[in-house]
Amino acid sequence: MKSLAQLEQLKKEMREVLKIRDGVASGPWNYHVMVCGGAGCISSNCRDIVTALKAELAAKGLEKEVKVVLTGCMGPCDMGPVMIVYPEGTFYRRVKPKDAATIVEEHLANGTPVRRLLYRAPGSTEPIPKYSDIDFFKKQHKVVLRNMLYIDPLLIEDYISRDGYGALGKALTQMKPEEVIATVKAAGLRGRGGAGFPSGMKWEFTAKATGSPKYVVCNADEGDPGAFMDRSVLEGDPHSIIEGMTICGYAIGAERGYVYIRAEYPLAIERLEAAIARAREFGFLGQDIFGTGFNFDIEIRIGAGAFVCGEETALLTSIEGRRGEPRPRPPFPANAGLFGKPTVINNVETWANIAPIILNGSEWFASIGTEKSKGTKVFALAGRVNNTGLVEVPMGTTVREIVFDIGGGIPRKKAFKAVQTGGPSGGCIPAEHLDVPVDYDSLGQLGAIMGSGGMIVMDEDTCMVDIAKFFLDFVVDESCGKCSPCRIGTKRALETLERIANGNGKEGDIELLLELCSTIKQTALCGLGQTAPNPVLSTIRYFRHEYEDHIKEHKCQASVCEFKAAEE
Amino acid sequence: MVACGCKCETTEQAQLIEQLDRIIDEYRGQPRGLIQVLHKAQELVGYCPKWVQVRVAEGLGVSLQEVYGVVTFYALFSLIPKGRHKISVCAGTACYVKGTKMVVKAIRQHLGIKPGQTTEDSRFSLETVRCIGACGLAPAMIIGKDVHGRLEPEQIPEILEQYQ
Amino acid sequence: MAMITLTIDKQKVAVKEGTTILEAAKQLGINIPTLCYLKEINVIGACRICMVEVQGARTFVAACVAPVAEGMVVRTNTAAVVKARKLVLELILSDHPMECLTCVRNQNCELQRLAEAFGLTEIRFQGATTDYPVDDSSPAIVRDPRKCVLCRRCVSVCAEVQTVRAITAQERGFKTLIAPAFNQGLSEVACVNCGQCALVCPTGAIHEKDDIDKVWAALADPKKHVVVQTAPAVRVTVGEALGMAPGSIVTGKMVAGLRHLGFDKVFDTDFTADLTILEEGNELLQRVNGGGTLPMITSCSPGWIKFIEHFYPDLLPHLSTCKSPQQMFGALAKTYYAQKAGVDPADVFCVSIMPCTAKKFECERPEMNSSGYQDVDVVLTSRELARMFKRVGINLAALPVEEYDAPLGISTGAGEIFGATGGVMEAALRTVYEVVTGKTLDNLDFEMVRGLDGVKEATVPVGDLNVKVAVANGLGNARKLMDAIKAGTADYHFIEIMCCPGGCIGGGGSPIPTNTEIRNKRIAATYVEDKNMPLRKSHENPAVQALYAEFLEKPLGHKSHELLHTKYTPRGQYPEQ
Ligand SMILES: Cc1cc2nc3c(=O)[nH]c(=O)nc-3n(C[C@H](O)[C@H](O)[C@H](O)COP(=O)(O)O)c2cc1C
Ligand code: SF4
Ligand code: SF4
Ligand code: SF4
Ligand code: SF4
Ligand code: SF4
Ligand code: SF4
Ligand code: SF4
Ligand code: FES
Ligand code: FES
Ligand code: FES
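Chains as they are written, first to last, in the numbering used here: chain A, 425 to 992; chain B, 362 to 525; chain C, 4 to 580.
Chain A on its own, in the form it takes in the complex:
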């Protein structure tokens, strides 16, 4: 790509071809059938559906009129495999390969949607044909997931048709590096990886830091068990990450970026690799991008199964080929990061926000969300909730709206108990706080955290002592072992919880746990240890009676814990 004009031209052509996905029938195509190719739907065999559809279309001689596309995750994973048929935007769910014939016959050949595959709201028998009328989609606001329902992640042209690389072109040809940073700062974007640090400031520190070369790193380690936002973006819209990182490279004066991605995400790795190769072919990566003399390239580094490597200093150490042990900060990566050089490290979702901000301006972005938390947040809604999947909402949306309006409430008429946000670093929000707006500060006040976006819904069948134990077990497993409070302290806390859960708790255990946990928070070296006690502290805060029941009465209200006689 040698100029912005060339990109504009290509975009115009592609728009024309693809405007059917905006609801305008056009060109040679009667229909575009978008089949979700997210990890969830792939595991429910969506690929077989594509094969079946193509076979049926070929049999009917419709392959020139109907295009079948495999997309990234559309969001409602538990309804999967799902698909959307454009131009109408018809939404089908739980599609099986054997449904392909019916879909082709009735819908794609004769124009009548297949009624039995349409979505119905819980408790209703009336189908809702268009995805945009379904609560799950209607109540979302998509910035990060902007392309999920529209593009084939493997086609760079699809991305370009939806303004892809326009922001890069704009930044490189029309903005000075300082202006790029100023825009990100003014937008008020805060890091989506958990800590919520203002991204623009991070970029500015790095730009001003002495030392070269500088590096841009994408944190795609997504370790929180129960979170899959980043995965979906990587699989469904990989170019948005490449574009964001390249813009940053320009802004801070870096020529190389690394994406550190967990090995457990082979599909994401595959798609990102393909996207990087394509971006190179198109000249969005490599030498002299947009004819501006700016060079930038990206390499992938694959993790090897250590949650702590999501922590930024550990991640950088891991890229260097060593044990992913965190180190004290300062120095911060902005000054001494990868290979000791100034480095910007941001989360996948943070990167996906960059291009829209540059393209639409900081004011546009800042108008979404709340005073101190701008923009949207993607959540991975899971656990005991009807609609599990990916949702993106403006900051400030309440937990109730997410769980009940978008999530469709709790299945089997069970009672809502709590949601856990922020995974093992987070805390739980009980029923009485359902109306809390999700933003960095409000969640923090409740002893939960925004975290990276995992949101696990729990109902009356969940034992909170067991949940606390689950998270502690996780951190004990994942502690790097470098510092004493985390290495030994979390182990002791787990042992205490195990005793409580199997009926051997003692008077005073709760107090000892509280003392231990607050000290670990205050003294651990890195974020893992500093936040590890949160699930314990927060469940004691809101569900202390459950702990007491276990200790005093050997009773587990949810009947999860198995009590054993005291060990001799």
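Careful: at least some of the hints might be erroneous.
To be verified - Beyond 12 angstroms from chain B on every Cβ pair, some chain C residues (computed):
| # | residue |
| --- | --- |
| 1 | 74 |
| 2 | 174 |
| 3 | 468 |
| 4 | 495 |
| 5 | 537 |
Stated by the list, open to error - Here are the computed lysine-lysine pairs in the DSS-like style, where the Cα-Cα straight-line distance is at most 30 angstroms:
| # | chain 1 | residue 1 | chain 2 | residue 2 |
| --- | --- | --- | --- | --- |
| 6 | C | 178 | B | 447 |
| 7 | B | 462 | C | 178 |
| 8 | A | 838 | B | 462 |
| 9 | B | 466 | A | 838 |
Rather than coming from a laboratory, the hints here were simulated on the basis of the structure. Glycine included, every Cβ here is placed at the ideal spot set by N, Cα and C.
Given the coordinates of chain A, assemble chains B and C with the ligands onto it according to the supplied hints.
Coordinates of chains B and C with the ligands only, in the frame set by chain A:
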């Protein structure tokens, strides 16, 4: 220099070593390549036995201690051979809340192995992992490259039979 | 460099930018407790004992790693911080065997001192404990992971200072272990037995192998003729282990103490140090004149020898073929001395008191049997000697000053300075200069090769030849010189290498603590001893002259080759393979 001391005379092993050396070549003399090389080496050999680690250490210019330190730090590297099919049952939060425990129980009943073990016929090895990113389909597991979601204990035997 | 002003415990202090809170507090006389911290070597913030409160910080801050900032307000002793430190210590102790009474570090253990300081009276947490087995495979170093607090001081010293990397962190989380790969024994890997790890370990988790009982047994055996040699460094260090100030010189009192212990003869390794100079000096001249492999490198430090055997086996021809003074001594004790004293060499039991753990390995090398017996039977470190003294209630300070026995106890200042880095070089230069030129040196003090700098260089005119020398202490510095040789950029004639930082006065068997400040005091004491000696040049040692006249005939002669010279073993980095 022959590194491992075993008298490997079969061409199969010699080939393996040659392939390993080609993997190492990409990062020869560069310690920063350690994790990437180990990934590929493990893919090639199936696990990370001592002779592989020695060869990698020599090739990248790091001590065997450091290689071993890395291998034992990261959960994905294995010191023991794995079964032909690796079952990874998700024990992430979403899956835990929805029944990881019973999935593991069902597999244990069917195969008679606990997480961390391999069946005697080397057909399966079982482990629990933290979130495979299919939380929407919890409880989930991965066998080889296939994700199986919305698991019910009764389905387990049937699913396992697909892998011989 | 910019100065930063901050407030610590209500006092203002100005320090250089980049200073840590810990060091800044020290300037105010405020001592913050530490465990993992080791100045300039291990600054990793792992133990969390040094936590302080910093105004505005979300959590407590580890003083040992946190750099000061302008206007920072630090409190080091609030109730909250002290309570947190105490709990962290309680956690550490909850995974520690309470075996102080039977522990080698009893009364000299940083963990024990902390426990005492914090007045811990109860451990409220019971649970799993680390139970990796003890590794006593090495003749020199014992690892007891149960007592390890994972401070990683040993790892840093071994990797950064010595560049050996024999031990690193393995596994993770609660299972973390400091060990060689595959938890092999230290004897199975490229550990050089330098003992620097033991020197920095705050606890009893890694320590010298204790061989005292073998010596007690020999002393108790009426058939044995037990002779002892003391290394140059021991007389300026061992006093520390018995409560004296660093730099105390206890030569004569130590000799008295050894007699008190019951040794039949108290000899001096300084004697064979002088002998080494004659052999090695002549070897150098032979190589320079005869076109031998140059630069020639000293061979008296067994830690260094094992290092080059493992890591630079192709450079072995550069090593002098001279045995170390300890081994020359052993070989002579069971030949020349036995003959002279009229004892059966089979009955001579030869004990060395060394600042060194590596010598324990050296004396067991199969090639160190040229007397027909194992030349040196047992090596004790300075710490073990102190333990023997303590066991029989010897108060060194109260002992009279006594002389070494003749003839193997007669020595010069040149032999004495072997204990400090640069000493062998200086001693050699004193002799080579005079032997070659036939002139008397005006100034015996070769200052340019003294001191703690890692690599020192000098060019010394000796007759027609400008002799170019280099001196390295610590194996990391040795490595630099080896790489230079490999790269062809080391145009020296002679290189001295001492395995341990500072030379033997910083040896792995020295009293604990050993740090830069203490090393400097020991070095100063060494040169005082040198100055105090009536003779300061090896070739003037009358006992050595007599030895040649009566027994060896001449340097590099046939007998010398048989008894005083040796061969080396290329080992590679994976010795067990
Ligand atoms: C234990 C731990 C795990 C973390 N895991 C992740 C992760 O998986 N993904 C991520 O983006 N950030 C993770 N973080 C946060 C990163 O350290 C860092 O703050 C983030 O990558 C910065 O990017 P952001 O500013 O865009 O959020 C983790 C932090 C801690 C302490
Ligand atoms: S807090 Fe835990 S994970 Fe972080 S450095 Fe300490 S031991 Fe490692
Ligand atoms: S397996 Fe390879 S390394 Fe080992 S002996 Fe055989 S050839 Fe050598
Ligand atoms: S290491 Fe220290 S605290 Fe531990 S048993 Fe020995 S003396 Fe006691
Ligand atoms: S200090 Fe206490 S435990 Fe130790 S010996 Fe004395 S009485 Fe016994
Ligand atoms: S003795 Fe020396 S080489 Fe061996 S482990 Fe200790 S420090 Fe490392
Ligand atoms: S062996 Fe000693 S120095 Fe090494 S980590 Fe353990 S306690 Fe620290
Ligand atoms: S420098 Fe001295 S103490 Fe250290 S290994 Fe060499 S001889 Fe032993
Ligand atoms: S994977 Fe298809 S909707 Fe999420
Ligand atoms: S928690 Fe099981 S897939 Fe995420
Ligand atoms: S001394 Fe500061 S953390 Fe150990």
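For each hint, the structure was consulted:
1. 74: Given a closest Cβ separation of 38 angstroms, the condition holds.
2. 174: violated (5 angstroms)
3. 468: holds (38 angstroms)
4. 495: holds (26 angstroms)
5. 537: Given a closest Cβ separation of 49 angstroms, the condition holds.
6. C:178 with B:447: holds (25 angstroms)
7. B:462 with C:178: Judged against 30 angstroms, a Cα distance of about 24 angstroms means the pair holds.
8. A:838 with B:462: holds (21 angstroms)
9. B:466 with A:838: holds (25 angstroms)
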